[in-house]
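Q: Given next are the chains, with one letter for each unit.
Number of protein chains: 2
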Amino acid sequence: MAYRETEKMRQRKAQARQRIIDCTFECVAEGGFRSARITRIAGLAGVATGTIYRHFESREDLFAEVFRLATQREVNKVAEALTTTGNATIRLEAALRQFAERALRGPMMAWSLIAEPVDPKVEEERLAYRKAYADLFEQAILEGIDEGCIPDQNARQSSTCLVGAIAESLVGPLSPTQSGQASRNLKDNNDLLVGTIIRFCMQGLTGTRR
Amino acid sequence: MAYRETEKMRQRKAQARQRIIDCTFECVAEGGFRSARITRIAGLAGVATGTIYRHFESREDLFAEVFRLATQREVNKVAEALTTTGNATIRLEAALRQFAERALRGPMMAWSLIAEPVDPKVEEERLAYRKAYADLFEQAILEGIDEGCIPDQNARQSSTCLVGAIAESLVGPLSPTQSGQASRNLKDNNDLLVGTIIRFCMQGLTGTRR
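So the sequence lines, in the order shown, correspond to chains A and B.
The first sequence begins at 1 in UniProt numbering and counts up one residue at a time.
The second sequence begins at 1 in UniProt numbering and counts up one residue at a time.
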């Protein structure tokens, strides 16, 4: 009996934790980390603010966890795109497109993950995740060099160039302060932007005009 | 007499402020923002810690000011390199080289300016300064399009690709956790790194194999 009780409590605890994470995610997707206040998250999750601090040591720890989960999802999507059929340049282009298009479809969340000034704990996660993207790109570049569709180069260094180019070129367009754009032209603008980023990156890798 | 007194006090105040800034700069160049403790800075500057808070509202404000001054110096160096004689591709290459080589010569300060996880106030400055670099590159790209040495493209977007590529590709090599590198090979490694970054960036811009 005692064991079952504990199991049930554990489940409840896990569910509350998940609800807090989901609601934080919702707040960040809506207005960034800055606007995700603990009282608001607690209200959405239907728990007392004190409950949040029983699950997470601090607001920063909660944010770091949400950052990790949200970014891991994006990393997985990029990894998935890299399994596209075709040679390494086709796979890399699909991965870059995936990254950029997903970001532009969820601009506030993407802004928060890529560039929003946040607590150092989140910044630490950001550095780690940039490495995760670079690892994926590096692998694909090495495959491309093997396949002969990408000239020989330091794949590690080129992979970080890719990560930097795509992330930085999205910062401005994703920035909430630029959201006054005419939404009618938004899709066209986004397509042009994605095209420009991909061209720069693929030219950078291959030295072949596109 | 009263006026002179005030003038003298003003001068003293300005000198103390400058000394605090200089000592903070020294601390950051040595161990990053994280290791720049107020007590240490006060000790170096020969003032009481309370004096620091008479000049700066908070540690974060002091850091933001030092960040601004240090980054503006780097921006000026890049701007200077862009006045090199030659067409826009030569000028841009000189600017990228200037950025990368200066960073590698002062790796801890560069790490702190480019990537060290710091307070949101410093992160805000970082975003602003990335724009400053992009503005410089954009101007040079536009000139290159005019001169005919760079193919027509969205210069704004390409400029942000350049900023991202060069900054991100330096993050790993500048990171204090990677400083165990054999120093004998350091110069060769750095030259190779700078070469790779410049090749990626210039190929990205021009689509011409280098």
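Since the hints were made in silico from the structure, they are not lab data.
Keep in mind that a hint or two might mislead.
Identical copies look the same in the list; a pair holds intra-copy or inter-copy alike.
[As the list claims (entries may be wrong)] As a list, the in silico DSSO-like pairs of lysine-lysine whose alpha-carbon atoms are at most 27 Å apart: (1) Lys121 - Lys131; (2) Lys187 - Lys131; (3) Lys13 - Lys77; (4) Lys13 - Lys187; (5) Lys121 - Lys13; (6) Lys187 - Lys77; (7) Lys77 - Lys121; (8) Lys131 - Lys13.
Q: Classify it for me, Lys121 with Lys13: is the Cα-Cα distance of at most 27 Å met within a copy, between copies, both or neither?
A: within (24 Å within a copy, 35 Å between copies)
Q: Is it within, between, both or neither when you check Lys77 against Lys121 at 27 Å Cα-Cα?
A: The answer is within: 24 Å in one copy meets 27 Å, while 32 Å across copies does not.
Q: Should Lys131 paired with Lys13 be assigned to within, between, both, or neither, using CA atoms and 27 Å as the limit?
A: neither (32 Å within a copy, 45 Å between copies)
Q: Could you figure out if Lys13 and Lys77 sit no more than 27 Å apart (CA to CA) within one copy, between two copies, both or neither?
A: Answer is neither: 29 Å inside a copy and 55 Å across each miss the 27 Å cutoff.
Q: State whether the alpha carbon distance between Lys13 and Lys187 is at most 27 Å within one copy, between copies, both, or neither.
A: neither (42 Å within a copy, 54 Å between copies)
Q: How would you classify Lys121 and Lys131 at a CA-CA limit of 27 Å: within, between, both, or neither?
A: both (16 Å within a copy, 24 Å between copies)
Q: For the identical chains here, do Lys187 and Lys131 meet the 27 Å Cα criterion within one copy, between copies, both, or neither?
A: between (30 Å within a copy, 24 Å between copies)
Q: Using 27 Å as the alpha-carbon threshold, which applies to Lys187 and Lys77: within, between, both, or neither?
A: within (21 Å within a copy, 38 Å between copies)
Violated hints, in rising order: 3, 4 and 8; the structure is consistent with all others.
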